[in-house]
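> These are the residues of each chain, in order.
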Amino acid sequence: MRRKPNILLIIGIVLLSFFVIISIIGPYVAPYDLEYSKKIGYIENDDGKQQLKGSPFPPSKEHVFGTDKWGYDILTLLLYGAKYTVFTVLIVAVIRLIIGTAFGILNGVISLADQRRNKQVSLFSGIPIFIIIYFIMVGINVEPTLPPTILVFIQGFLMTILGIPGVYNVIFNLTIEIKKNAYVEAAKTLGGSNRHISSKHIYPALKGNLLALFVNECIQVLHIIGQLGIFNLFLGGTEKQYFPTIYLSITNEWSGLIGQSRSFLYHSQWIILYPLIAYMLLLFSFYLLSSGLNASLKNKARRTSHL
Amino acid sequence: MTAIYRHLLNLFLLLILAALPLGLLNMDEKVSIDLDGMVTVIKEFFRGLFSGEAWYYSQGGRARLILSDLVSYFLSSYLYLIISAIIVMIISISLGIFLWKKTNRWINASLGFIGMVPDFLLVLMLQMAVVYINKSLGVKTFKVASSSIDDPAIFLPILTLILIPAIYLVRSLSEATSEITTEDYILLAKSKGLGKKYIYLYHVTTNVLPFLKADLHKVISIMIGNLFIVEYLYNTRGLTSFIFVHSSKFGYQYNLVIICLLSLFVLYMFCYYSLRLLLAAAERWLAK
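Heads up: the sequence lines are chains Z and U, in that order. Using the working numbering, the first residue of the first sequence is number 1, and each one after it goes up by one. Using the working numbering, the first residue of the second sequence is number 1001, and each one after it goes up by one.
Be aware that a few hints might be false.
Said to hold, decoys possible - Which residues of chain Z face chain U? A few of them, derived with a C-beta cut under 8 Å, are: (1) Gln-227; (2) Leu-283; (3) Ser-305.
Rather than coming from a laboratory, the hints here were simulated on the basis of the structure. No experiment lies behind these values; they were computed from the predicted model shown. By construction, the Cβ of each residue, glycine as well, lies at the ideal position given by its N, Cα and C atoms.
Hey, can you work out the whole structure from these sequences and the hints?
Okay, structure coming up:
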């Protein structure tokens, strides 16, 4: 019998590779230069019926996604900002996973007690990760003196460090679970070292979960970047302008674009709509991947319900 | 003993964390790390605790006692949280345990996606939807944000606080339920001729509740994380908005931030134990 192809997984992979490609070639295929619209933006322009109008311009043939309040082309901004969003998410998730998995397996194999560790309440239980990053970054991220790449690096580093305990806990508990299997016991009796057991018995059994966990971490990182964006800490630096006070994203990273155009909820909605759609689609591709992976993981034998 | 050390270490980290916005700054074209300044701020805070200065915060020109204002902010946050938490529990128990079989793949998939949408996007989309309804139909449905203290937005903040943790909990409980219904004691109960309702109530529910208890910490963590976003974007009164709104209006005040962050922990514990109390009452009622 032919197995049904995992459609969710395939669509997810296609969509994600589309985003990765976009973020690599984005600046080259952008219809306008990043600076270009700036000059035009302040000048009044002809609308359909020869009517003079200032920016923002609604979506049209010239500007497919419209322009923002200062006349920047939104499609161009999105294409330029994509690399910051996509690559930060992927890289942070990978490093979180590698470090968390290494420590999780190591500690899981060494530890003698086979009970799961319960979550302990601490003073930081009520403080979400993005607030911790907020307190650290708020002094250096607004009107930055550091270049954007360094700021992205610092924020990425913080997101990695703060995310490792989560991955570690999951892997640790899974390792303890796998250790209960008879084949691990057998390997131990035959004199297998901890290193042998981790690499030949624990890790292969974990492999399937790792991919699902990776996608999960990607989603979490995307959340954190977005939440910080709502509090005007944009990935790669925030430009602050006075009278009136507005915050602008320096890198045009996607959640930064959402955060900076938050006030356009009630009029000229395309300014926030298109960055929002881009962000949601990226999230959606991760979601498809995770549900596709989960579907392929669930093929294990399962007892039937009695009710 | 180790627990005490752990809490002291955490307190120490929290003190440093709150001092960072004052110590890690952009100064004259470069980043300056002002360790001495941070130490002074922390020292001053402790001195102020005994002299009484640290218990006051300045609001424009005048100084006000923090506790007198904090209580009302705390209560407001607590009410939003606990009301939505109770609704989350009711939804998750009724849907997760009793209806787990009826959810088909598509409902499950779309619920999964909504559960994955970050809180701030949910808020923005709900606000956009309300504005859109108002514009196209001319119907005023819900308040998009609070305009004043006497006129708080209630429906949308609570809806946002409910959605994400409820979906998480429904999925986790239905997973637990489908595990439990395969157990032998369910088969035994069935073979004894007990009714389906009876088995669900006394065999399944009592065994799913421990899973719910184990998940409580995570649920409350998620909800407090959402609370930051909800209070900020809906402009409702509460602890988390107290930190941010006040800092942006009257400058960063170390003692205020520390006391707010500590009361966040109190909020967490309050919510946790309120829910445990409710669950204990429910268990007691079931055992009767």
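> So, for every hint listed, does it hold in this structure?
Now the hints, each set against the structure:
no.	hint	result
1	Gln-227	holds (6 Å)
2	Leu-283	holds (7 Å)
3	Ser-305	holds (4 Å)
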